[in-house]
Amino acid sequence: MSLFAVILWVCGAACLGGTLWRLSRWLSPDRSLAVPGLPPSRALVSLIRSLSLRDARRAVPRLLFTLVRDILLQGHLARKGSLWRWIMHFCLFAGFSGLLFFHALEDLVSRPLFPGYEPTLDPWQFLRDLFGVLVALGLGIALVRRLVLRDMRRTTRIEDLFALGLIGLMVGSGFILEASKMVSPAVFNRMAVDYLPAPDETDMAALRAFWTNQRGMVFPETTRDTAGPSAGLIEKGRDLSEASCAPCHSPPRSAFVSAPLSRILAPSSAGRDAFVWWTHVLSCLFALAWLPFGKLFHILSTPVGILLQSLDPGLEALRPRPQTPVKRAVGLDACTNCGVCSSHCSVLPAFLALRTPDILPSKKLLSMRRLAGKGGKITPAALAAFSRGGFVCTECMRCTVLCPSRINLQDLWLVAKREAARLGYPELYVRLRSLGPEVWKRLAGENRRPARTLARSPSLLDNPETFAACVQCSVCTSVCPLFRLPDVPAVDLDVSPHQIMNLARMGLADMALPANFLWNCVTCYACQEHCPRGIRVADVLYELRNLAHSRVEAADAAGLLDDAGAAWGRP
Amino acid sequence: MTHAWFPGCRIPYHLPDYGRESLAVLEVLGIAPALLEFPCCGYPLRHQSLSASVLSAARGLAVAARAGCGVLTPCKCCFGHLRFAQAALAARPELRAAVDAALAPEGLSYDPDTPVTHLLTVLARDPGLAAIRAAVVRPLSGLRVAAHYGCHALRPSDVTRFDDPRSPTIFEDLLTALGATPVSWSLRLECCGQPLAGKNDRLASALAHSKYVSAMEARARVMATACTYCQMQLGRTGLACETPPAWAREPVRASPLPAPPLPVAAVSRLAGAAMGLWPLEEDMRPASPGR
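For the protein sequence lines, the chains are A and B, in the order given.
Under the numbering used here, the residue at position 218 of the first sequence is numbered 218, and the numbers go up by one with no gaps.
Residues are numbered in the numbering used here as their position in the second sequence, beginning at 1, plus a constant of 1000.
Only chain A is shown next, with the shape it has when bound in the complex (with noise of 0.2 Å):
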């Protein structure tokens, strides 16, 4: 067996078996964020209940319908995306469908359905470069857009980048292999050999002769030579050539890059050429093994998840329903990184001013994936990233809207959000408002700021005049809702909006952070619409929690809560 048969084995082996691991993930979902854990007879059963299949005649053209319009035609990019991001793609899935079916897979493919196929024959000769020149076409785009556009630079990962390189490499190894076998002499001899009938030096000479004045071949013992053949050898070359050669070859033009590329490359020298043909195939081949592990895999998760949903009404009505494990898991693999809802995303000023990453709706997701596969193995360091980003979350749905492979985000989010606050990563807040004194001490110990040494701060906290004019009347406590309540617990209310006042202007903002009564707040401003001295209590209270989180953020940043950081957030 040949290196490259054993190459070729290997990296199908690895695609294959990669593939049916995917896909079993998604018939045994792993307990993860997204996905509860579900043995696989109950994950399908469910998901084969909720495609309601049942009204067949309705869902069988609804299924042929989305095929056609958005996995075939790739409607979905336009409609959810932009025009240039349909060109770009439609390029790139054309161009590489082309090359996949009638190129790579030409023994399966080409051979059986038309009779009479050679690869050096139009009009295969001219699709493979015009395939080729698509693919290249839509990969300039993507690079420019995911270089230059702002918006997509935020989201561009190394892996994007590498994904676009494999392809680059793929189509451009392709190109200058097909070159440099238009202008090898080894491959010219090899093939005179092979079908001439019967050569002497005379025939080759003439073939010889033919096919560099005609066909743009070049040999190095021509290019020494000034004098050009004379015009008999060169018609004998031609009757020689239309005899043997022309039923397999079209004249090289029609492959109209590889054909001008050949004459920069030319002459050709066997290493070379061996170098490019090992790094075709291997390119090709790696980019095969790698497909079920990286951003490639969407290929078959993004079309199986449109399908899929193509079966749900409620994500067309915009309600969208609660899903199957099933699909919450290819939902997760569909993912291909496009940035539309991170573009689009509500919270976007968030992430500009907290640079939170988990806050982006594609990072996100990114996260959830690489805690899906973890076997419930969900470590705590990753858990409080995603919580950090997912709470800021407002649950506005856009990105479910807009989202070119239809993936069910908002059902994601939702279902994620419950579990990081079940496994005890509630929204930053709960977090917050369950730390002890003794916490806060040390924090405000870790992070020593006397107050009233910014003269000029503008914050409350700091400027004495906030505070001058209190005379502790407690209008504020008075008029405040929650202490009219009748039986609410002492506890959650340990502390009067009038003694933080005291203490906030006492200088001892700290001592507020762990009072119950600071998170209790419903923020109505009555406070400070009643306060006879123009205090702004509310607006107080607000930087004191203002406080409390930038005390918390500082501490994770440091490390310093990660140990004690999940048992902190459970009530």
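Just so you know, the hints here were simulated from the structure itself, not pulled from any lab data.
Just so it is clear, CB atoms sit at the ideal spot from N, CA and C, and this is done for glycine as well.
Check each hint, because a few of them may be wrong.
Each computed DSS-like pair below joins lysine-lysine, with the alpha-carbon atoms no more than 27 Å apart [unchecked claim]:
hint : chain 1 : residue 1 : chain 2 : residue 2
1    : A       : K417      : B       : K1199
2    : A       : K80       : A       : K417
3    : A       : K236      : A       : K181
4    : B       : K1199     : A       : K236
5    : A       : K295      : A       : K417
6    : A       : K80       : A       : K236
Cβ-to-Cβ under 8 Å is the rule here; a few derived chain A residues that face chain B [what the hints assert, rightly or not]:
hint : residue
7    : R150
8    : L348
9    : M397
10   : V488
11   : A526
From chain A, some residues computed to sit far from chain B (all C-beta separations above 10 Å) [stated by the list, open to error]:
hint : residue
12   : R58
13   : G116
14   : L137
15   : R145
16   : G165
17   : L166
18   : D194
19   : E235
20   : P247
21   : A289
22   : F297
Since the structure of chain A is already known, use the hints to place chain B on it.
Structure of chain B alone, referenced to chain A:
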């Protein structure tokens, strides 16, 4: 100046009816707000980071300003926070500088004069109540309504400049124009409890409960809201999408809030019913005098 529709994040999924019905009512009055893509107003972030929440608000206002529009929102928290951000940006040059620096790369610029309007103001003040009366074809005669004001539009009044913070009338004026009978009730200006939902459910539900009791003591048939968050909290609209279906085998999460003992309707529902756009639900119709 034309309005741009700023529904707020909670409308599309959590309370789509309020958004749809508000636009329908506005259409009857000849108001067609521009539909732009807005970011979050920033209100939910105010606990965490003032600067992040103000940046979010400023970005929304800049998006409206670029289209030459003012902002029109049905949510009092969006309204209150957008006004709050305008006040904060006017008072704090360092915040303004940070916002300008963050918006510049996006080709946006913050305009301090972008008008921020709440739905109630447009209904009761902008075209004037005469326009409402003219549009009413099925007056809500005899319907006793408790107008729930919500906090963030009213207070802090020097920032929001919405209505008299101690004795507002805008909501009652509108209800009267619709033919309903607004009732006087003691807790009409108090908090609905939503800010504590999911954070301290016991207190959140106690606040909601006290409002129901107060409205019923005033013999209100319906409570009316004009805020997405208040309606979510008091109206308890069951989301079909959050009820796990049979195959899910997930535990149904019982809501910590009591079921509302009286119907709670967003103002758009009542206004649209009075304008003949849709019938009022059975339980919201005035009790027949015979009973």
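Hint check results:
1. K417/A x K1199/B: holds, 14 Å
2. K80/A x K417/A: holds, 26 Å
3. K236/A x K181/A: holds, 24 Å
4. K1199/B x K236/A: It is violated: about 92 Å lies between the C-alpha atoms, which goes past 27 Å.
5. K295/A x K417/A: Given that 27 Å is the threshold and the Cα spacing comes to 25 Å, the pair holds.
6. K80/A x K236/A: violated, 61 Å
7. R150: holds, 7 Å
8. L348: holds, 6 Å
9. M397: holds, 4 Å
10. V488: holds, 7 Å
11. A526: With Cβ-Cβ at 7 Å, under 8 Å, it holds.
12. R58: holds, 19 Å
13. G116: holds, 54 Å
14. L137: The assertion about L137/A holds, with a minimum of 28 Å to chain B.
15. R145: holds, 17 Å
16. G165: Non-interface label on G165/A holds, nearest chain B Cβ at 28 Å vs cutoff 10 Å.
17. L166: Since the minimum Cβ distance to chain B is about 31 Å, L166/A lies beyond 10 Å and the statement holds.
18. D194: holds, 63 Å
19. E235: holds, 67 Å
20. P247: holds, 61 Å
21. A289: holds, 37 Å
22. F297: holds, 27 Å
This entry does not satisfy hints 4 and 6, going by the numbered hints stated previously.
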